[in-house]
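**Student:** So you can see what is in the structure, the chains are spelled out below.
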Amino acid sequence: MTLARRRALAAAPLRVAVAVTAALLALLPVGYIAVSTVLLGPRGVVDLVWRPRVGELLVNTTVLLVATASACVVLGTATAWVTERTDLPGAPVWGALFAAPLAVPAFVNSYAWVSVLPGVDGFVGALVVTTMSYFPLVHLPVAAVLRGMDRDHEDVARALGLSPRAAAVRVVLPALRPAIAGGALLVGLHLLAEYGALALLRYPTVTVAIYDLFESTFAGPAAAMLAGVLVVLCLVLLTADMALVGRARQARVGAGAARRRARTPLGGARLPALLAVGLLVVAALGVPLASLARWLLEGRSTTVDAAALAVATVTSIGLGLLAAAVTTALTFPVAWLAVRRPGLLSRVLERTAHLGNALPGIVVALALVIVAIRLVPGLYQTTPLLITAYAILFMPLALVNLRAALVRVPPELEEVAHGLGSPPVAVLARVTAPLLARGAGAAAALVFLAVSTELTATLLLAPTGTSTLATAFWGQATALSYGAAAPYAAMMILISVPAAFLLTRQVHAGVRA
Amino acid sequence: MTGVVVEGVTKAFGVTPVLHGVALEAPPGTLTAVLGRSGCGKTTLLRIVAGFERPDAGTVTLHGRTVASPGRDLPPEQRGIGYLTQEGSLFPHLTVAANVLFGLPRRERRRGGGRVAALLETVDLAPELADRHPHELSGGQQQRVALARALAPEPAVVLLDEPFSSLDAGLRADTQRAVAKALAAAGATALLVTHDRAEALALADQVAVMRDGVIAQVDAPSAIYRDPVDPGVGVLVGDAVLLDGRCDDDGTVSCALGVLAVRGARHGAAPAVRVLVRPEQLVVGRDCPGVPARVRTREFRGPDATVELALGEGDGAVVVAARLPGDSEVLPGDDVSVSVRGAVTVYRV
Numbered sequence: 001m002t003l004a005r006r007r008a009l010a011a012a013p014l015r016v017a018v019a020v021t022a023a024l025l026a027l028l029p030v031g032y033i034a035v036s037t038v039l040l041g042p043r044g045v046v047d048l049v050w051r052p053r054v055g056e057l058l059v060n061t062t063v064l065l066v067a068t069a070s071a072c073v074v075l076g077t078a079t080a081w082v083t084e085r086t087d088l089p090g091a092p093v094w095g096a097l098f099a100a101p102l103a104v105p106a107f108v109n110s111y112a113w114v115s116v117l118p119g120v121d122g123f124v125g126a127l128v129v130t131t132m133s134y135f136p137l138v139h140l141p142v143a144a145v146l147r148g149m150d151r152d153h154e155d156v157a158r159a160l161g162l163s164p165r166a167a168a169v170r171v172v173l174p175a176l177r178p179a180i181a182g183g184a185l186l187v188g189l190h191l192l193a194e195y196g197a198l199a200l201l202r203y204p205t206v207t208v209a210i211y212d213l214f215e216s217t218f219a220g221p222a223a224a225m226l227a228g229v230l231v232v233l234c235l236v237l238l239t240a241d242m243a244l245v246g247r248a249r250q251a252r253v254g255a256g257a258a259r260r261r262a263r264t265p266l267g268g269a270r271l272p273a274l275l276a277v278g279l280l281v282v283a284a285l286g287v288p289l290a291s292l293a294r295w296l297l298e299g300r301s302t303t304v305d306a307a308a309l310a311v312a313t314v315t316s317i318g319l320g321l322l323a324a325a326v327t328t329a330l331t332f333p334v335a336w337l338a339v340r341r342p343g344l345l346s347r348v349l350e351r352t353a354h355l356g357n358a359l360p361g362i363v364v365a366l367a368l369v370i371v372a373i374r375l376v377p378g379l380y381q382t383t384p385l386l387i388t389a390y391a392i393l394f395m396p397l398a399l400v401n402l403r404a405a406l407v408r409v410p411p412e413l414e415e416v417a418h419g420l421g422s423p424p425v426a427v428l429a430r431v432t433a434p435l436l437a438r439g440a441g442a443a444a445a446l447v448f449l450a451v452s453t454e455l456t457a458t459l460l461l462a463p464t465g466t467s468t469l470a471t472a473f474w475g476q477a478t479a480l481s482y483g484a485a486a487p488y489a490a491m492m493i494l495i496s497v498p499a500a501f502l503l504t505r506q507v508h509a510g511v512r513a
Numbered sequence: 001m002t003g004v005v006v007e008g009v010t011k012a013f014g015v016t017p018v019l020h021g022v023a024l025e026a027p028p029g030t031l032t033a034v035l036g037r038s039g040c041g042k043t044t045l046l047r048i049v050a051g052f053e054r055p056d057a058g059t060v061t062l063h064g065r066t067v068a069s070p071g072r073d074l075p076p077e078q079r080g081i082g083y084l085t086q087e088g089s090l091f092p093h094l095t096v097a098a099n100v101l102f103g104l105p106r107r108e109r110r111r112g113g114g115r116v117a118a119l120l121e122t123v124d125l126a127p128e129l130a131d132r133h134p135h136e137l138s139g140g141q142q143q144r145v146a147l148a149r150a151l152a153p154e155p156a157v158v159l160l161d162e163p164f165s166s167l168d169a170g171l172r173a174d175t176q177r178a179v180a181k182a183l184a185a186a187g188a189t190a191l192l193v194t195h196d197r198a199e200a201l202a203l204a205d206q207v208a209v210m211r212d213g214v215i216a217q218v219d220a221p222s223a224i225y226r227d228p229v230d231p232g233v234g235v236l237v238g239d240a241v242l243l244d245g246r247c248d249d250d251g252t253v254s255c256a257l258g259v260l261a262v263r264g265a266r267h268g269a270a271p272a273v274r275v276l277v278r279p280e281q282l283v284v285g286r287d288c289p290g291v292p293a294r295v296r297t298r299e300f301r302g303p304d305a306t307v308e309l310a311l312g313e314g315d316g317a318v319v320v321a322a323r324l325p326g327d328s329e330v331l332p333g334d335d336v337s338v339s340v341r342g343a344v345t346v347y348r349v
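Chains as they are written, first to last, in the numbering used here: chain B, 1 to 513; chain L, 1 to 349.
Bound-form chain L, shown alone (with noise of 0.2 angstroms):
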């Protein structure tokens, strides 16, 4: 049994391409969030497994159902989804009940109470919420609300189109935490349009990052961040030094940061190569070994810090940029020297 399965789908609005042959498999019980830049079709993707949108070729099948292929086009309230858009779209002339049971059968409905408080829970919300009006809500709440209305008729498939972008950061991560725990509970599969990198990362169990209207690699948070296909998803996924450099026969990297381990099979003797490093992985300190370096900049962010390192002199300078622990005393310029923790990823030119 399969959860999500998109394959070979293609989408243009009148001559404007937005899909070229995406292919994605999400599965069963799993989170998917598809990771991308505002336009990058994403969100058509979603649209296109709710049935809102017909692509113009390729399949979708759910659950081994085939809902939108050729010939076949399911109608998006036969598809048995639940669906999350941005503002949670709470219907304004109806009670928080009455939006939550929205969507289950007129029978069970009349006999909600119960059935309303317990939804509630499951997105941690108290159940004197239930008389209240979707505007007497703040953003949070309603997004819940939201989610509560969707799992109500527990559908095999949750749909999120960016649910948390318009809410503040603290609401937001509240909220993401409330979210990620009841999809878990429902045991559904869901697939989530972000472009929020440190939300797919931290909510998902395998990201999809897409570009162009592809989706460019598919694989678990930790992988991607670590082993990026290119440089492009590199960026995407997080922050990332990117430098040149040449690689040797022994499986090592030379570059401005000196002589590095690379991660994976050996590459072979390569003279020109992009190097990826996480700025984490740098090691900063004043009597260790390392290549020399200024530093020019410091931002503290409290638990740690971005310093912008020179190496080098003058016009020549290579800058970098390095996260530390918080409580590392280094400041803009002082002599310092740096090292590289770990092994690096290196893409042919």
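One chain only, chain B, in its complex shape (with noise of 0.2 angstroms):
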């Protein structure tokens, strides 16, 4: 570490100090892990980890991740390039459609395929579903670059002597790899979390595995193994991810105007590509709004308790908005650290950060309990502990999302308001913040979309007697009770409507500016 570098850490000790916190905090469930390794010692890991049953597992996950990671890459990349380059008819509104399928969660998605087709299950359900709930986690980051992105660079291609295709290959490809490699990042890190969904396609990953052993035998050995081969995958994806990104610099080299730039005209290719866009809302969305209004209007026979509804939505809705806030803030220190002060810390801390996403709530959601009743026992069922495991697991999504843009604020603007004689606090308010806004909504709305959505954790972890929308639909669903889950799911939906339009609208409101 440099003089000057060391320095400039320490003149920002605040920053440094909720950077650990958070680091600190994602460590737990890991650390949760350790100690049960440690206790249970070499013989009884290798005894617990070296099954067959262990194997099967390992392969179910892999398969899945590389299938659905792909799928979600070439449908997320496609998708956002016919609505920001192509001359699509209605290109705004396919772009907000293919961000729309985050407000549905991933275990209603499947409650949705499954009961209008009750023979998908096993591998072929699972890819299905997981790849039409997880490739807006592509499109939205790849469609933001390609809107943001220096044309003149592919001018410049194409006066070298390149077709349009070679171009995009070439200049366009390239340039959009940090935002491929980024949203398949979180497409792998959603599905080792994925407990709901696999579980009603009866698809055995990890996870699955883990959830069914709590179930039997509470905080066992034996889950905690598991978590901990579950630990190790996530560090492959995340040093996958860091190989592909490598240094890639995508800040501009100098600042003209970006101008303007006519789409590419489809031609003969319009209507198979209205086609194909039309069938793939129709899967992502059409199926399972559909099959909700089918048990909504099958299930008026059956009463819904309408107060029980509205106090699980206001649960829903506030919990989210507190996790939204404090995550967003928690996380912001490890992203300016990395894009800021790179280094062994920065690193670290930013990795650290990573590792919550990759972990199933349950495993963090009994890390908190273990922990609370061992050293805090005031904090065991309250609503603190449970923003706690919102924010360990859904730090990541802020991170990316605020990681992204500090990418794209040069850092002399901070420089040049230092310079004006502002203290790094001002700086922070009245130049970093404003400039991030855009990205630091976009981190909030997603960690409110995925808390407001949140099923296992939440399980475990909420006060007695409280019940979110999410637990309220799986109560009823996996008591076979599809109409009166429904209103939940609905309602889930609804809450989860305003967030994501918020996103798509921030991602649009990139041309304007």
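Simulated from the structure, these hints should not be mistaken for lab results. In this text, a Cβ means the ideal position worked out from N, Cα and C, and glycines have one as well. Take these hints with a grain of salt, some might be off.
Estimated spans, in silico, between C-beta atoms of each pair [claimed, not checked]: (1) B/Val66 / L/Arg107: 32 to 38 angstroms; (2) B/Pro410 / L/Gly64: 42 to 48 angstroms; (3) B/Asp87 / L/Gly71: 50 to 56 angstroms; (4) L/Asp230 / B/Phe501: 52 to 58 angstroms; (5) L/Gly64 / B/Val66: 53 to 59 angstroms; (6) B/Thr264 / L/Gly71: 18 to 24 angstroms; (7) B/Leu344 / L/Ala202: 50 to 56 angstroms; (8) B/Leu413 / L/Gly232: 26 to 32 angstroms.
Reconstruct the complex from the two isolated chains, following the hints.
**Tutor:** Structural data, given as structure tokens:
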């Protein structure tokens, strides 16, 4: 560490302190696994991990991970290209529709497909459901980069003799690589953490198996060891992402007037393209909505408890807003250090903060249960503990967005503000924050979306008597009361719509800015 | 064989007309500067020649090959052009070497080592830069690499879109010199779009002044400076003193600076004309013939100085600016006499 850098870190003690706190929280579940491992000893670990059943689970998980991530990269990139770069009629509307599946939780999507096509289960079912749920995670960042890109690069490539297709492959695609890799990483992390959707489809992954073990043995060592296997998978993903993105610097060299350019005419491909995006929207949105509508209509015969629905709605919204604010505030220093003070410490903090999303909610929840019972009994089954679990789980969502936004803010602007006499806090408030508002808004909205549909950690940590829309839905769905479950799912989607809408608006505001 | 020929090109963006029948001819192997204020349509013209925009009417011919005309629009990659943007637009994910070799066929890219060094040398860059990434270069270096990249496929036509405007003054002069040298060595026909008149006059073989979507005048730099077609063009290509005057039929003009010789053919008698004098034509001294004047301000710039002179007294005084050698000992408040060296240009009102 150079002297200058050490001084720069010393100049931001609050940011470093918050970032370290965030990383320590993220380490809690891993610490729980580590302690379990030590208590078990090497012999016990090998006995629990080196079994054919674990091998089967690993193969299941890896195959689904690779298939889903590939499908999401193809669909997410293709849809981003079509909506941002071609003259597809109604492109902004399609763009909004491709972000919308984020508002349908994977376990609701899963319930919808199962009730439409009862034969859909196993690998194919899991692939279809997870891809339809997760491809927006690639679509959104790729669309944002396509929109903000310096199109002079493409002009230069064309002038150098490249066809539009070759220019796309050799210039645009490399510029998209960090966004695609980041999106694929999110898809992978979501998939590793998914429980509800895969449990309904009867496709056993490592995470599903952990939940079943906890059901039977509470916080037993076998589950802790399987969680350890999952942590290793997460680390493999993070390493692969690092290798893919590498040292690619995507900040613009220079800052000329970015011209608005003509969209590529689709010509004869227009009708097939419309058909394809239409089909995709039917599969990703039409199926869950139609299925929900059907159960809502059939559920009229059964009594719907309006009061319980209202209480669950208010609880979900309140928890979502609180968690979004806490998580974004906690994550910002981590992103800031990673982008502005790159170094060993920043890298370690950033990688650590990413851990949360790869751990199944139940592992985070159980780690918190045990820590609370052993160290701070008063915290057990309280809202702060639940919010802590959400923060640990969804820090990566906020981090990816904040980091991407920070990379695009030239550090010179902050230096100019410092030069004008503003102390660090004022620079943060007057320069960095306004420039980052869009990225931070996206980060908070994603956390809200995730929290309002979080299932497993909430099942375990919610204060007694508190039920959210997700836990109420799950209770009815697993009891096969599909009709009674539907209003909760519908409400869950309804409260997600404003945040999802905000997300697409922010992406689209990029054109006008 | 002709170089770049543009004929009757018009272009509107939506309802906003940008170009109204532009005609321009750039002889092969020369550098033509298109000079104009921002918003005059010069960049649009360049992008039409490059093929990034399509003209609404008119034709573009590059070395005898029609690339744009009604019913024909060759894509940019088939036009054999080099294109240099304001900021160079180096690909941030590639090294300098990979950037320079970008436009070459795959086979040539693979054994490109010596080629890179040679190309970097044409733009006065050290071969050691080849492994760097764009963000590790200065603005001037980036611009030179961008030129090396544009010249690598040996284009017959090179199009430059204000390539020096984002560089600071010291870097700019060096970069301009290197670019002009490399362009001349490559023998390409170059079209340079700029709003900097000094740059246009210094680098170009011919200057085309563009105004409100049409070319107002095309001529050699010295000719367009000396003999602009109207006062507007005169002001665009250099500082000018503009005065009211009266032409006599002996080929002279009377104005606040006295009776002056008129350049070119006799205009005949005219009661009201505009007279264009360049500031460096004014000769200021204490004991010499000329019109009496009083020095109002003096702006010293080292090699030269600009002084503001009041001709006549009180409110009716005409104020003109003169450029004098830096060592002239003329101070504000001095009474001097002013005469004009050489002939002046007049315009009928």
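**Student:** Now tell me, hint by hint, if it's right for this structure.
**Tutor:** How the hints compare with the structure:
1. B/Val66 / L/Arg107: 32 to 38 angstroms: holds, 35 angstroms
2. B/Pro410 / L/Gly64: 42 to 48 angstroms: holds, 46 angstroms
3. B/Asp87 / L/Gly71: 50 to 56 angstroms: This hint is violated: roughly 21 angstroms between Cβ atoms.
4. L/Asp230 / B/Phe501: 52 to 58 angstroms: The hint (52 to 58 angstroms, Cβ to Cβ) holds, given that L/Asp230 and B/Phe501 are roughly 57 angstroms apart.
5. L/Gly64 / B/Val66: 53 to 59 angstroms: holds, 55 angstroms
6. B/Thr264 / L/Gly71: 18 to 24 angstroms: holds, 21 angstroms
7. B/Leu344 / L/Ala202: 50 to 56 angstroms: holds, 51 angstroms
8. B/Leu413 / L/Gly232: 26 to 32 angstroms: Given range 26 to 32 angstroms: violated, Cβ gap about 39 angstroms.
Checked against the numbered hints given earlier, this structure breaks hints 3 and 8; the rest are met.
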